[in-house]
Each structure stands twice: as C-alpha cells, then as structure tokens.
Amino acid sequence: MPNKPASPFKFLSPYGRKDTDIFFGREQEVAQLYEYVFQTSLLLVYGQSGTGKTSLVQCGLAGRFQDSDWLDLYIRHNGDMGASLKKAIREKMESPPAGDAGPLQLLFSLYLDYLRPIYLIFDQLEELFILGEEEEQKAFIQQILKIVGLGKAENEEEQRLLDAVAAGALPCKVIFIIREEYLAHLYAFEKEADALFRKRLRVEPMSKGNARQVIRQTAERRKQLLAPVPETIAKSIVEAVAERGRVRLPYLQVFLDFLYREAPMMDGKTEFDAATVNQLGQLRDVLAAFLDGQLRDYEAKGYGTQGQAVNFLKAFVSQKGTRRPLPARELPAALPGYNEADIGRMLDFFEDCRILNPMENEQYELAHDSLAARLFQMEARTVEMPGLENESLPETLFPVLLPYKAEQAPVFLGREEEVQELFDKIVNDLSGSVTLLYGPTGVGKTSLVQAGLLPRMQQLFPCRLITCNGTMADDAQWRRVFGAPPAELETGSRILDIAFGNPLPAGGLRRFLFFDQAEEWFRLLSKEMLDNLYSHLRLIYQRDRACGMTFVVREEYFSHLPAFQAKLPQILERQYRLEPVKREQADNLVGQLLELLGIGGDDALRRQILDNVMVADREADLSLLQAHFQYIQQQLIRHE
Numbered sequence: 000m001p002n003k004p005a006s007p008f009k010f011l012s013p014y015g016r017k018d019t020d021i022f023f024g025r026e027q028e029v030a031q032l033y034e035y036v037f038q039t040s041l042l043l044v045y046g047q048s049g050t051g052k053t054s055l056v057q058c059g060l061a062g063r064f065q066d067s068d069w070l071d072l073y074i075r076h077n078g079d080m081g082a083s084l085k086k087a088i089r090e091k092m093e094s095p096p097a098g099d100a101g102p103l104q105l106l107f108s109l110y111l112d113y114l115r116p117i118y119l120i121f122d123q124l125e126e127l128f129i130l131g132e133e134e135e136q137k138a139f140i141q142q143i144l145k146i147v148g149l150g151k152a153e154n155e156e157e158q159r160l161l162d163a164v165a166a167g168a169l170p171c172k173v174i175f176i177i178r179e180e181y182l183a184h185l186y187a188f189e190k191e192a193d194a195l196f197r198k199r200l201r202v203e204p205m206s207k208g209n210a211r212q213v214i215r216q217t218a219e220r221r222k223q224l225l226a227p228v229p230e231t232i233a234k235s236i237v238e239a240v241a242e243r244g245r246v247r248l249p250y251l252q253v254f255l256d257f258l259y260r261e262a263p264m265m266d267g268k269t270e271f272d273a274a275t276v277n278q279l280g281q282l283r284d285v286l287a288a289f290l291d292g293q294l295r296d297y298e299a300k301g302y303g304t305q306g307q308a309v310n311f312l313k314a315f316v317s318q319k320g321t322r323r324p325l326p327a328r329e330l331p332a333a334l335p336g337y338n339e340a341d342i343g344r345m346l347d348f349f350e351d352c353r354i355l356n357p358m359e360n361e362q363y364e365l366a367h368d369s370l371a372a373r374l375f376q377m378e379a380r381t382v383e384m385p386g387l388e389n390e391s392l393p394e395t396l397f398p399v400l401l402p403y404k405a406e407q408a409p410v411f412l413g414r415e416e417e418v419q420e421l422f423d424k425i426v427n428d429l430s431g432s433v434t435l436l437y438g439p440t441g442v443g444k445t446s447l448v449q450a451g452l453l454p455r456m457q458q459l460f461p462c463r464l465i466t467c468n469g470t471m472a473d474d475a476q477w478r479r480v481f482g483a484p485p486a487e488l489e490t491g492s493r494i495l496d497i498a499f500g501n502p503l504p505a506g507g508l509r510r511f512l513f514f515d516q517a518e519e520w521f522r523l524l525s526k527e528m529l530d531n532l533y534s535h536l537r538l539i540y541q542r543d544r545a546c547g548m549t550f551v552v553r554e555e556y557f558s559h560l561p562a563f564q565a566k567l568p569q570i571l572e573r574q575y576r577l578e579p580v581k582r583e584q585a586d587n588l589v590g591q592l593l594e595l596l597g598i599g600g601d602d603a604l605r606r607q608i609l610d611n612v613m614v615a616d617r618e619a620d621l622s623l624l625q626a627h628f629q630y631i632q633q634q635l636i637r638h639e
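Counted from 1, the sequence shown has number 470 at position 471 by numbering that gives the first Met the number 0; the numbering is strictly sequential.
Simulated from the structure, these hints should not be mistaken for lab results. Fair warning: this is a prediction, and the values are worked out from it, not measured in the lab. Treat each hint with caution, since some may be false.
[Claimed, not checked] When the alpha-carbon atoms are kept at most 35 Å apart in a straight line, the in silico DSBU-like pairs for lysine-lysine are as follows:
no.	residue 1	residue 2
1	K319	K91
2	K3	K190
3	K137	K526
4	K190	K172
5	K86	K151
6	K91	K198
7	K207	K300
8	K85	K172
9	K222	K3
10	K151	K207
11	K172	K234
12	K566	K86
13	K17	K424
14	K207	K17
15	K85	K566
16	K151	K404
17	K581	K137
18	K198	K319
19	K404	K222
20	K319	K207
21	K3	K85
22	K222	K190
23	K319	K300
24	K137	K172
25	K234	K17
26	K234	K85
27	K319	K268
I would like the entire structure built from these sequences, with the hints used as guidance.
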C-alpha cells in the first residue's frame, strides 16, 4: 500500500522513553523495577533473547520518572566496556575535564553538572564476556564495585571519593541487562561482594493475554492509523507468533509490521482482518521469513548472490551465535574476497531494510539477536568448487600404503562429499581463517588434502602444502622460525616468506596454507621451539586474515592442542573430523573402482572385496583396499 503512513509498530527496535504511550502489557514488571531501584545500587535485569529487557528499562522504567529525577547513560561494550563507560559519561558532561580521569571522578563531575540521579544502564552485558578479554572483565568489575561503594581505593584521592559514595553524596544506580544464559559469568562479581545481585528481575516472554492487550491498546492509541482490533483477530495474531504459550515481542512487532503493510484500508485506516492474518500464515519464525525475503530481494535487484549477502551478515555474528558489533573499517579483514564497493553496497542495503543498525564510531550491528541466531545456522556458498582440470588417468592408480597425490586426483574416488564439505568450510565459511582437520590414523586425511582439495583449490587461489617432518629442522629458514618469536616491529611473516616466496600484501588476494601431519611438531620440537612457531602462526592470523590456515592432525595428539590454543585460540573453533569409511560408502567406492578397471558388472567380486577390506564390519581398511585393486590391476594386465 504505497500511500499508507509509516508503520506505528516498532519492528525490531526497542521501545524508548518517547514510546511510553504505546508501551503496554508490562505494568507489573515496570512497577517491580521501579520499587527495586530505590532499594539497591545495583540492579540485574535478565531473561531470554527477545523478551523485551531493553524496552522494559529504557521505556517502562524511564517513563516512571520526571526529567529532574532521571539522567540515563546507556553503555554497550563497543570494543572495551571501561572505555565505553568513560566515553558515555564525558559525552553527557557540560565541560569534560582534561586528562585521564577515572569513572568515579567523572561521575561526581557529571552529577554537579545536572544535580539529577544518574542511571548507568549496561545493555547487552553479555558482550563483555563474549567479546572481552579476562583482563578487561576484571578491570570492569573493580570499576563497578567502586561506583556502588564496595571497591578498594588505589590512592588517597580515590579513597576520598569512595568515602563520599558511602555517605550518599553520589546518587548513582547501576542496571545490568543480560541474557540469562550468561548469568554464570556474573559469579566473578559476586565473589567480590556477597549478595551483590540480591535485587534482580527475570523478564519472562509475554503471556498471550498481555500480547492481545498490546495489539488492542496500540490500535486504540494510534486510532488515526488503525481501526479497532476485535478480540478474535487479536487472538489469531497472537496464536500465529506464540511459542509454548508465550510471545516474544520482536516476533510480534515484525508480524504486526507485516500485517500493517498488507492489510486493507477502510475509511482511511488500516483494518486487521482474518483473511490477511491467514495469508501471512503461522510464522513460527517471523524474523527468518523477513530475513529470507530481504536476501531474495538483494539478489533480485542484481546486487549479488544470497550466499554473498549471508556471509557478509555473518561477519556481525559472534562464535556464540549472538550479535557482534563491528566497525566498518574492520569489514575488509573479516570478509576476504569482498572489495570496498561490495561492502559499501551491502552496508547501505541492509541498513535501509532495518537488518543492520548503525552505531557510534561507524560501527554496525544486527538489529536483534534473533537475526544473529538465524544467520548462525545458515550456510552460504559464494565460491563454487571447480572440477579437475586434468582428468587423465595417472600411471599409478593405487598407491598402496602411501597417500594419494595431486596427479592421482582422477582416481581419488568415494570422498566427493567430504571434499565438498571441507572446501565449503575452508573457502566459503568466512567466520574464521583457521581450520583443524583431524581424524584417526589411516582415514585418508593427507589424501583428502593432496588429491581432493588442492587440485581444485589451486585453480582459484595460491595454495601451499607444508609437510611437517624432520626435514624442517634442517632447513635454515625454518630454523629461524623455531629459533625466536617474531620481533615486536616485524611486519611480514617468515612462514609466508617460506611458503610463497615474496609475501602478498596483508588483506590482499586470498591464499591458503595446509600444514600436514602437524602432530610431528609435538614429537620433534622442544617446548621453546613450539612456542616460537605458535607465535609466528599467530602473527599470520592477526595481520593477514586473507590467508587461511588448515592444520591436519591425528586425533590421538589432541592432548597437545591446548598449548597451541593458548597462542592461537582459533585453532579449535572450526573443526572437521574425517570419519573412517563405513560399509555403504566402501561399497560405492569398490563399485567405482571396478568400473574404472572395466569390470563393474562383476557383483560377486564386488562383494568379495568388500567383505575382505571391512574391519569387524564397521569400517574399511583403505590400505588393504588399495592392495586388492593393485593386485586386480596386475592380473588384468597379465591377461591382456
């Protein structure tokens, strides 16, 4: 309906103080919060994603105060919680002091500017534990304890301020808003002070009755735009978005926004009717429907593929499946292979359609955690895996007791699915640049890389395979790597010098390193040499995200990985376990190999080979399989 006024519904945005006239259904929770803020200096608000925690505070609670009694500062992590706190205070001050004053000193100055109670509202506090380092978390705990009068002074001036807090000279309240699955992380706070969170409010998803109240009362309050909503229609809307008898507010708002745009107009007002509600259907995940629609629209307008858009949006999703604010300047590093024009176009598109929200410091984030959860589950293929350039048969078909090499790629059969999965994980999953390929001895990890992946990936990107063995310690270049960590001002990577000769510029063309048999490092190198090696690998990760690294390790050496992970935490975040070949897969492989030799119709021979190579009928012995086919090939040659 092109002539309709803008939608009166909030969509994915939280309610603010200006929305108090349409904030319905939370009267009991608002009253409880209002009572709590007079009983404690530190209040905890928690609940599941999508329950409306932020709206409850910045609209419901804020709306209970006069301007003279409410000075609110909303603080997000934005890279460093302590720095964000000081920045938020300074931006409210009339004349911020010069120098690096602490939060407590700044808060006293802010209070003197306004003479109003201060409310420090830390929204989405879970970001501190998802994105922040342990040192930052400890420092933030000490800052908050001082603000609420429980901290320890570091000098005489700070002791004077703490005494003033204890005497009631700083009317300042702290409100934490956090998703309930991260409550355990607050134990570090509670260790510092007993009963620190004795006043806490769990925000439940809205009841169906309250959700119907929201719909009817919003229509009444916006009656210049909306016709009255009958109880039967309100009930059908709620049933469409309810989950286990409860309603998540973002889902309801998205549904109402969709409904407003699709419903007919009568006498100049939008009228919600049963036909339009039924047309929208039972949207169990309305945000997914909205996101999928925008992705289709992105592709339909010729901006690019849906896969490109999904990978772009996944850059704003943390490893835990939550929102991750990201500065625009960091997007090229997070999205290797995307140029500045691609990134700018996608930022504009997804900001316009309300999937991305702009923040301060040129940062962007997804509009809601529900979008992050949906994107976290989505897979996107932006690069198609090419076929083999050379499909002529090699001289040696069956390398008994040896891994398949690149020239034997045409006869490396039966692993097509695993090759595609690993290609997608390494090339198309842009959530990280480090991959761990592991599995038990004899499952074909080296063959998968040498004959499955590399002949295909090398058609698209520079790739290097480094076999980790005793010869590395005899190589002068590798001895430099093992002998010392990278210098503090070192700009290039010695390992990239070894692999590629002249290293490509950081952030430039994508390229990939494969470290095969990396468990040999654990056997051959001393602890000091390993630490130096790990530091050099970390340098690649930190400064050259366009370079993907895959480490191939036998799983019996997993106990050595924690020391590696201490230097390169990403080593265990993206894993692929190569499973042994099971009977059905082995049966298909035997059939393919018999076809290759021109005797595919011999079913009796097929069954005999399969029975011979299966170990306890659970998995195939690949070396034994190769030996069988080498023998068969030799017999065929003799009878020619």
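*Between K151 and K207, does the CA-CA distance stay at or below 35 Å?*
48 Å, violated
Would the hint linking K198 and K319 be met if the CA-CA limit is 35 Å?
The given pair, whose Cα atoms are some 28 Å apart, holds under the 35 Å limit.
Review point. Does K151 lie within 35 Å of K86 when you go C-alpha to C-alpha?
Key: 23 Å, holds
- Message: Next pair to validate is K566 with K86; report whether the Cα-Cα distance is within 35 Å.
- Response: Since the Cα atoms of K566 and K86 sit roughly 32 Å apart, the hinted pair holds (cutoff 35 Å).
Handout entry: Hint consistency between K319 and K91 [alpha-carbon to alpha-carbon, up to 35 Å]
Key = At roughly 33 Å apart (the allowed maximum being 35 Å), K91 and K319 satisfy the hint.
Are K319 and K300 close enough, with their CA atoms no more than 35 Å apart? 32 Å, holds
**Report entry** Pair hint K234 and K85, alpha-carbon separation not exceeding 35 Å
**Finding:** 47 Å, violated
Holds or violated: are the alpha carbons of K319 and K207 at most 35 Å from each other?
30 Å, holds
message = Checking one constraint from the list: CA of K91 to CA of K198, max 35 Å. Satisfied?
response = 28 Å, holds
Notebook entry, point to check: Does K190 lie within 35 Å of K3 when you go C-alpha to C-alpha?
Noted result: Roughly 55 Å separates the two Cα atoms, so the pair is violated.
>> Against the 35 Å threshold, does the CA-CA distance of K190 and K172 hold or violate the hint?
In response: 20 Å, holds
Regarding the pair K17 and K424, is the alpha-carbon distance no greater than 35 Å?
Between K17 and K424 the Cα gap is close to 46 Å, so the pair fails against 35 Å, i.e. violated.
Violated hints, in rising order: 2, 7, 10, 11, 13, 16, 17, 19, 21, 22, 26, 27; the structure is consistent with all others.
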